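Undergrad: Please build the complex by placing chain B with the ligands on the supplied structure of chain A, with the hints as guidance.
Residue numbers (the numbering used here), protein chains in the order written: chain A, 1 to 427; chain B, 428 to 680.
Simulated from the structure, these hints should not be mistaken for lab results.
Model, not experiment: these values are computed from the prediction.
It is possible that some hints are incorrect.
To be verified - Only some residues are given here: those of chain A computed to face chain B with a beta carbon under 7 Å:
1) E324
2) L331
3) I340
4) S424
What the hints assert, rightly or not - With a straight-line Cα cutoff of 20 Å, these simulated PhoX-like cross-link-like pairs (lysine-lysine) come out:
5) A:K128 - B:K570
6) B:K570 - B:K545
7) A:K420 - B:K508
8) A:K123 - A:K347
9) A:K123 - A:K420
10) A:K347 - A:K253
11) A:K347 - B:K570
12) B:K545 - B:K508
13) B:K563 - B:K611
Think of the CB as a built atom: it goes at the ideal place given N, C-alpha and C, for glycine as much as any other residue.
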Amino acid sequence: MSEQSYAPGSHPDLPPPAGQRGAIKWIRENLFSSPTNIVLTLLSIFLVWKIVPPMLDWLVFDSVVDANHRNECREQGTGACWAVIRERFTQLIYGFYPTEHRWRVNLAFVLMLAALLPLLWDKMPGRKTLLWFSAAFPVVGFFLLWGGTVGEIAATIIWIAIFALTFRFFSFAGIGILLAALFVIGALAYFGLPIGINIASWFSDAAVLEPVESAKFGGFMLTVLIGFTGITLSLPLGILLALGRSSNLLIVKAICVGFIEFIRGVPLITLLFIASTLLNYFLPPGTNFDLLLRVMIMVTIFSAAYIAEVVRGGLAALPKGQFEAADATGLTYWESMRLIVLPQALKISIPGIVNTFIGLYKDTTLVLIIGLLDPLGLTQPILADSKWQSLSTELYVFIALFFFISCFAMSRYSLYLERKLDTSHRN
Amino acid sequence: MNTNTNNDQRLVVEMDQVHKWYGTFHVLKDINLAVQKGERIVVCGPSGSGKSTMIRCINRLEEHQQGRIVVDGTELTNNLKNIAEVRSEVGMVFQHFNLFPHLTVLENCTLGPIWVRKMPKKEAEEIAMDYLSRVKIPEQALKFPGQLSGGQQQRVAIARSLCMAPNVMLFDEPTSALDPEMIKEVLDTMIELAESGMTMICVTHEMGFAKTVADRVIFMDEGEIIEQNEPNAFFDNPQNERTQLFLSQILAH
Ligand SMILES: Nc1ncnc2c1ncn2[C@@H]1O[C@H](COP(=O)(O)OP(=O)(O)O)[C@@H](O)[C@H]1O
Ligand SMILES: [Mg+2]
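Pulled out of the complex, with its shape left as it was, chain A reads as follows:
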């Protein structure tokens, strides 16, 4: 036994032993640590060597960008014929949106990013003021894309103001009365026309921006439009549904459970068909409710039902003591939800929420079934063009790349959020 180097009780804090580093060591430990490991490593290297070079050849080295016809592509190289993407690029982005109005789409897109920024970045300078812009953006974006008259714009703003005031005024009264009030206002706004409530007619019907039919919308613009509205609207709606489902009020609870279970129990395609055909039966005669809007509503409520269940999981995971401490402090229902319960429940639910969002985003491609021309829907007219026949691989790879980038970004952001919000200090 060796002697103690310090007298008992006087041992100083020493730095930990210096780490042994180096690439060789890392490789030996991680790739060649055992016979199985060595075999697996060699096998992987072999597979990569077999797969990656031919893939790169097709994607990059043997591919052709400069061509006006698929035959020209074939003459110049054996790889991908990216010329089809080059020629149809704007169509893949804007669909059939009129060329002279495409600046509106671009502007709406830039404004969308600007509206998202303060939502996603909580340390942004001047965030509070900019959030007001974010709140106003849906209206701005809608009229940029669809166009509209003075009367329509005014009517929309007035109805939204009525909604906001109702929410403020009734928010102290508990979730039951609030939902009832919002429902009444919503019904009035929706079915107001036949009973003579037509705010738009009080104003001029001069067009501020020339209307563009939604049938002309298409391409990635359509994907982003449906995805963005679906994501931003389904989150608050899903949270309200989850709160309603966990509420003590029987009627509220029953409505929320019924809604969630019905929507979740039906395939999205069915809802989209309902949107495209059946919904017209429920609308008052004479109202013409835009197909794309109907689709956006369906996508939103579909994902809201899933979000609601994800958030409910988060609510259930919160210890009861958190609710009790919030109550004991004297916070109102909405205060305790907003300040104590939801911040924690949503944090737990982030992976599930983002999962739902990514699913929604990719499911937007289903709209091609009811005739909307999202990027996948556009592949048919493009491939029907004899110039680009049978170049479907190129188109699908390009579209897949777009979806992958969007979804990967969402997934990364969710990881960042999780790490940022982690205050548990578990090791």
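TA: Only chain B with the ligands this time, still in chain A's reference frame:
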């Protein structure tokens, strides 16, 4: 029991023939309890005897089904406004601290004053720092609860309640989730609080604490108040045999 309030004997909490059931299980039976301003009450009794349920009725974390509970002149009914008023006057410290883990220690303390008392943030922070100093952890103000030891968390929880300037503090076994070496720091904080004149109702099995600060010790069993007395008489000369049995069990080791 009479509810006349006169000046030097103001009742802060008054429970009058209170009954409560969980389903068909009669958990509180005819609870009568009057707590005067500045009084320190210790509640003890076997596990499951209804101690937590009783003090949780005082700030309406549990609803009673019969009888009257009046807190600081406000009767607890289904009236949400009354409940909010009572809760803002009653501080509660839980067995498992129940700090808000997503907020810093300081934010935990300022939340109530800012949102319930509508106090400006700066003032609330000053008050919070003052109470954090009194429970001797001002240097932890900007940490999150998860970074603190159990004893420190419980002291934060006490400070958080005190920031609301409550008229009465309820403690539900505040030390029973703590490691032995941390119990003392929490009890010391509670003793100081008692000496400052706070009205306190403590569910605890810390008999040393009861002897030091309690004006009255209450023994509960099977939902009833079996016996109550001032601490010396209670411990030295318990009347009811159930009390005797209970005391012999907890003092046995
Ligand atoms: N929410 C509840 N539902 C049904 N029974 C309960 C509930 N809370 C407590 N009880 C029961 O009521 C009795 C008293 O509980 P409690 O007040 O927590 O006792 P104590 O704090 O004295 O240990 C126990 O038997 C317990 O099982
Ligand atoms: Mg208990």
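Undergrad: All hints, please: hold or fail.
TA: Going through the hints against the structure:
1. Given hint, E324 of chain A at the interface with chain B, holds; its Cβ is 5 Å from that chain's nearest Cβ, closer than 7 Å.
2. The closest approach between the C-beta of L331 of chain A and any C-beta of chain B is roughly 6 Å, which is under the 7 Å cut-off, so the hint is satisfied.
3. Nearest Cβ of chain B to the Cβ of I340 of chain A: about 6 Å, under the 7 Å cut. The hint holds.
4. Nearest Cβ of chain B to the Cβ of S424 of chain A: about 5 Å, under the 7 Å cut. The hint holds.
5. Between K128 of chain A and K570 of chain B the alpha-carbon distance is near 25 Å, which puts this suggested pair outside the 20 Å criterion.
6. For the given pair, K570 of chain B sits about 24 Å from K545 of chain B by alpha-carbon distance, which is inconsistent with the 20 Å threshold.
7. In summary, the hint linking K420 of chain A to K508 of chain B is not supported, as the alpha carbons are separated by about 37 Å, beyond the 20 Å threshold.
8. This hinted pair checks out: K123 of chain A and K347 of chain A have alpha carbons roughly 18 Å apart, not beyond 20 Å.
9. The suggested pairing of K123 of chain A with K420 of chain A holds, with an alpha-carbon distance near 12 Å, which does not exceed 20 Å.
10. Proposed proximity of K347 of chain A and K253 of chain A is contradicted: the alpha carbons are some 24 Å apart, above 20 Å.
11. Annotation: proposed proximity of K347 of chain A to K570 of chain B holds, straight-line Cα distance about 19 Å (limit 20 Å).
12. Pair hint K545 of chain B plus K508 of chain B holds up; C-alpha atoms about 16 Å apart against a cutoff of 20 Å.
13. Pair hint K563 of chain B plus K611 of chain B holds up; C-alpha atoms about 13 Å apart against a cutoff of 20 Å.
Hints 5, 6, 7, 10 from the earlier list are contradicted by this structure; the remaining hints agree with it.
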